[in-house]
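Input sequences plus hints: build the corresponding full structure.
Anchor point for the sequence shown: position 51 equals 51 in this note's numbering, and the numbering is continuous, going up by one each time.
It should be emphasised that the hints constitute simulated quantities derived from the structure, not laboratory data.
Please note: incorrect hints may appear among the correct ones.
Listed next, the in silico BS3-like pairs over lysine-lysine satisfying Cα-Cα at most 27 Å (straight line) [to be verified]: (1) Lys99 / Lys234; (2) Lys11 / Lys99; (3) Lys99 / Lys66; (4) Lys66 / Lys7; (5) Lys164 / Lys11; (6) Lys234 / Lys164; (7) Lys7 / Lys61; (8) Lys235 / Lys7.
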Amino acid sequence: MSQQIIKLYDKDDHICLFVTGLVDGEAIPSNQLVIIDHGEAALFDPGGDLTYSALSFELSKLIDLKSLRYVCASHQDPDIIASLPRWLMHTDCCVVTSKLWARFLPHLVSGFVSERMNASLTHRMIELPDEGGRIPLGETSFQAVPAHFLHSVGNFHFYDQISKALFSGDVGAAITPGQDHLPVDDMAAHIPRMEGFHRRYMAGNRACREWVNRIRLMDVEMILPQHGKPFIGKKMVAEFLDWFETLECGVDLLPSNFRVL
Numbered sequence: 001m002s003q004q005i006i007k008l009y010d011k012d013d014h015i016c017l018f019v020t021g022l023v024d025g026e027a028i029p030s031n032q033l034v035i036i037d038h039g040e041a042a043l044f045d046p047g048g049d050l051t052y053s054a055l056s057f058e059l060s061k062l063i064d065l066k067s068l069r070y071v072c073a074s075h076q077d078p079d080i081i082a083s084l085p086r087w088l089m090h091t092d093c094c095v096v097t098s099k100l101w102a103r104f105l106p107h108l109v110s111g112f113v114s115e116r117m118n119a120s121l122t123h124r125m126i127e128l129p130d131e132g133g134r135i136p137l138g139e140t141s142f143q144a145v146p147a148h149f150l151h152s153v154g155n156f157h158f159y160d161q162i163s164k165a166l167f168s169g170d171v172g173a174a175i176t177p178g179q180d181h182l183p184v185d186d187m188a189a190h191i192p193r194m195e196g197f198h199r200r201y202m203a204g205n206r207a208c209r210e211w212v213n214r215i216r217l218m219d220v221e222m223i224l225p226q227h228g229k230p231f232i233g234k235k236m237v238a239e240f241l242d243w244f245e246t247l248e249c250g251v252d253l254l255p256s257n258f259r260v261l
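Below you can see the structure in the form of structure tokens.
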């Protein structure tokens, strides 16, 4: 897969970047999002060692890496935040994540890294309460949107009110045959690429419905999942929400999926 860095928004000193194609080899391809406002940057779900070098190199073309203000983790998975030690050691960023994972992420940080950080991990961690909230960035802010049990017990999506982009973590994720930078243009054809993953990894339909109700109250023009193609435009966003709202998944399927043999 070829590396793609796409400017979704660039106006009045506010930039929203969608990054894809950084993962080679056997690992699952992943996407990253970057928001820059008046020189301050936030990086969302930076991934692991497979993405760090390329991602940090591209970011360094846009900002001084020391000015990276936040690394945001939607949840705790390795493809989300395994590169944490590198970002802590080579930038002055704070780590934004659910309070449920704040005590677990230190397991990723060795003594070698801790000794070379400019502050303790405790002082560089922003622990989000379950209801989320707004995080200041430059002359604006972005929003941590609750997405618990989709699929992690402590899970957040991140919304940029200026570009109207929602970085949705594993919600909307799909395994697609390359060209993940191209938006979904046929929802019916795309659903089979999402369905199996969502049925197994999402906790249950109630969590899906709660999330959809929340997103419908927001002005979302783009949904950008961590894997696969983005959903661009109000029409495609609405079609995705309609599908996800009625999805049976997780514990809804327990009686038929798990039997003692």
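Hint by hint, here is what the structure shows:
A distance of roughly 32 Å separates the Cα atoms of Lys99 and Lys234; the hinted pair therefore is violated under the 27 Å criterion. As the CA atoms of Lys11 and Lys99 are separated by approximately 33 Å, the hinted pair breaks the 27 Å bound. Annotation: proposed proximity of Lys99 to Lys66 holds, straight-line Cα distance about 25 Å (limit 27 Å). Only pairs whose Cα atoms come within 27 Å are accepted, and Lys66 paired with Lys7 is accepted, the gap being roughly 22 Å.
Proximity of Lys164 to Lys11 is assessed by CA-CA distance (about 13 Å); at most 27 Å being required, the pair is judged to hold. Among the hinted pairs, Lys234 with Lys164 is consistent with the structure: their alpha-carbon atoms are about 10 Å apart, no more than 27 Å. Proximity of Lys7 to Lys61 is assessed by CA-CA distance (about 14 Å); at most 27 Å being required, the pair is judged to hold. Straight-line distance between C-alpha atoms of Lys235 and Lys7 comes to about 21 Å, which keeps the hinted pair within the 27 Å bound.
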